[in-house]
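Q: Here are the chains, one letter per residue:
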Amino acid sequence: MIELKNLTKKYGSFTAVDSIDLSVPDGELFGFLGPNGAGKTTTLRMIAGILQPTAGSIHLAGIDLSENPLAAKAKLGFIPDRPFIYDKLTGAEFLRFVAGLYGQDGEKVEHRGRELMALFDLDAWADELVESYSHGMRQKLIISSAFMHRPDVIVVDEPMVGLDPKAARILKDLFREYVRRGHTIMMSTHTLEVAETLCDRIAIIQNGKIRAVGTIDDLRAESTGGGGLEEIFLKLTGERAARVAMEVLDA
Amino acid sequence: MHSHTKPLPSPSLLHVLSPKFISAGARPLGKTENRSGRLILFVTVGGVFWLFVFGLLYRLLKYFRGIPEIGALLAAKLLGLMFISLFGILILSNVVTALSSFFLAKDLDLLVAAPVDWLRLYGAKLLETTAHSSWMVVLVATPVLTAYGISYQGGFLYPLIAIAAVIPFLFIPAAIGSAVTLILVNIFPARRTRDILSVIAVLAAAGVVLMFRLVRPERLARPEGFRSLVEFISLLRTPTSPWMPNEWVAQGIMSWLRKSPEILPFYLLWSTAAVVIVFGALLHRWLYTRGFSKSQESGERWVRQGSIGRLVARALTPWGVMRRELVLKEMRLFFRDTTQWSQLILLAVLVVVYVFNIKFLPLRGEGVTFFLANVIPFVNLILSGFVLASIAARFIFPGISLEGRTLWLLRSSPLEMRQLLWSKFWVGTIPLLVLALILVFVTDVLLQVSGFMMAVSIFTITMMTFAIAGLALGFGALFPKFNTENAAQIPTSFGGLVLMMASVTLIGIVIVLEARPVYEYAGSVLFKTDPSTWGLVLGFGGATLVCLAATFVPIQIAVKRMKELER
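Those protein sequence lines, which keep their order, are chains S and U. Quick note, my numbering runs 126 ahead of the 1-based positions in the first sequence. Just so we're aligned: 188 in my numbering is position 195 of the second sequence, and the numbers increase by one with no gaps anywhere.
Note that these hints are calculated values from the structure, not bench results. All residues carry an ideal CB built from backbone N, CA and C; glycine is no exception. Among the clues, some could well be false.
In the BS3-like style, the derived pairs of lysine-lysine whose C-alpha atoms are separated by at most 27 Å in a straight line are [stated by the list, open to error]: (1) U:K556 x S:K136; (2) U:K99 x U:K13; (3) U:K13 x U:K287; (4) U:K55 x U:K252; (5) U:K99 x U:K287; (6) S:K131 x U:K556; (7) S:K292 x S:K136; (8) U:K556 x S:K214; (9) S:K214 x U:K287; (10) S:K298 x S:K234; (11) S:K214 x S:K234; (12) S:K214 x U:K99; (13) S:K136 x U:K553.
Just a few of them, taken from the derived set where beta-carbon distance is under 7 Å, the chain S residues facing chain U [to be verified]: (14) M127; (15) L177; (16) A181.
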């Protein structure tokens, strides 16, 4: 379960995230949508304990992140949008290291690592240095690492970037199965089709504020025009979609 | 599609370089918070360092001026010695920097894909390489040249003369270093920085030894070894290396200061710089495209799980899974990153040259006073401290910077920053301590010091090792370089310089606190007077306190800073 109360982040006079209140219960896959620079990544990185909020509170699995950061982080798995990892470790060593950060080791962990790598077709690469991995392979390795310690909550920033269609499909299945088992996933994405088919509820954020939150049907009702998520998204975020591409190219 | 295409005008050199100026102007000390605090720290430490160098040289030059005949010759020799070491440092640092700026920099994809002609690319990257690798040398040379100018009354034109001599002196090693890197990248297949840097390290090692032979410092240290004063003077008069730019700089500057200006050294400097740059540019046109393409190929793939790794893993198991994995990770990253371990070769050469110099010091026989016998171990401590400081700057200081891109993982996991920093501290400090103890023990045995002095040395170097490691970690967290493409560049960054200056200050304070009580105590033991232990207690107590503070305070600051860091 993730609970955000009055969550705010300011950089000087600029407010990146503005008093967000949100609750994602157990067993829910929650989507976080918004235009570039809306505050999605900032929010997710605050939940992951990487950025300090200017105000407000974050509870992960019932634990206050600012009061008891280590216990809260032990419940969390984070998948960032840019797959920066140690180039000079092998894939298997990286998974072992991540498990170690959560105090886990032994045969069970080894087994889990092998299974996760096999799931993403990385088993043949397990003993090769990460520096020889492609962007997508790194992304798959980081996704695997987030599942190593079986967290209650997973926070994902743009999971589909760089993944091949097969891996994207596997990831969707994995996410669905994970929440079915009672865990929580919060995910930001620009791929509206993914959000539409995968998420139980969706929030649309713009200029650091939540513009709308609910199921697809709720959002459709709110945007008073129906249609797919794309239309709803554009209506709610007020994008000037009408700008004709030809005009731009001729400019 | 256009049927006829005019060749596009290539963007100007200034335009290619403009992102660098703009970013440099936007954040002179990194875009982080607390800029003024760090600026004050830098200005203070830098100011103290400048004053120290200036004061030392000014006194020395005043003393030289008082010696008829050979005073000016000694001053010229000293300047020559300084510039030969700077030349060596510049060549090495340009080779390392050129690897980043010509082949690994992130802006290269954009520049190589854009219609920028080869000459402008070369010019822009050469300027970038020169600036990155020379700024520190300029910073060190400024107080030295100022001391020469003031002490020899160089007049108001002197700064211009000094600048005219130093500018080509900086460009010559930059063009040579870039050319060496260009050739190495073309010789070695794929992105084998490992091989390239190993070769560089070995070349540098050879260079250090060669430079020592060229200078023959031991002959100058023993004037009594010459048959006559005339012979000594004639040695001083002959240039050490007449074909080297360092000699021309020294000659050009000294001739102006002696009021008999010569034009030849300046002519040599500027014409050589021009020739080297032209050749560098031609080589660039010939080899760059091929080399750049090669450098983009993928890295190494396979690694073996070493038995040492398994052994360490087993030994660390009682300390818990998290600590064990942190230490193992540090070790793997270090030994698999050639830019890191290849520097060990250079280090070994530094240590060997140092030990040999101690071995050949004329410390036995007549004329070796009680004073000298007790001063030399302290000088030994100071020099060993410098060796340790430069090693810490190479290996401990970059630790935090290298973690930059992966901090998201550590910060989102239940790992305490304190634990991360202490694991980095111990992984760096234990090998450093072993090396320090061996170095001091061996040199003290060679110097045949007394048991008391040996105990003093061992105690002091142990305390200093902890303090230097603490400082290195602290400054590493205060001045991180998270976005560097090349680990070898981190120690020569702004923070690395501040660290070196802080380490020198620390070593100075510790020695000042200990020297007098130790000297008095040893004297009273020798002359069988009542030795005062109070002085000893105060001296060592003070030194211990300073070292403990220098160990714990920087780490505390680093922990705080890492917690506040938002990455």
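Q: Hint by hint, note whether the structure agrees.
A: Here is how each hint holds up against the structure:
no.	hint	verdict
1	U:K556 x S:K136	holds (18 Å)
2	U:K99 x U:K13	holds (12 Å)
3	U:K13 x U:K287	holds (25 Å)
4	U:K55 x U:K252	holds (17 Å)
5	U:K99 x U:K287	holds (16 Å)
6	S:K131 x U:K556	holds (22 Å)
7	S:K292 x S:K136	violated (39 Å)
8	U:K556 x S:K214	holds (25 Å)
9	S:K214 x U:K287	holds (20 Å)
10	S:K298 x S:K234	holds (25 Å)
11	S:K214 x S:K234	holds (24 Å)
12	S:K214 x U:K99	holds (20 Å)
13	S:K136 x U:K553	holds (20 Å)
14	M127	violated (18 Å)
15	L177	holds (5 Å)
16	A181	violated (15 Å)
Figure legend: structure checked against the earlier numbered hints; hints not met, in rising order: 7, 14 and 16.
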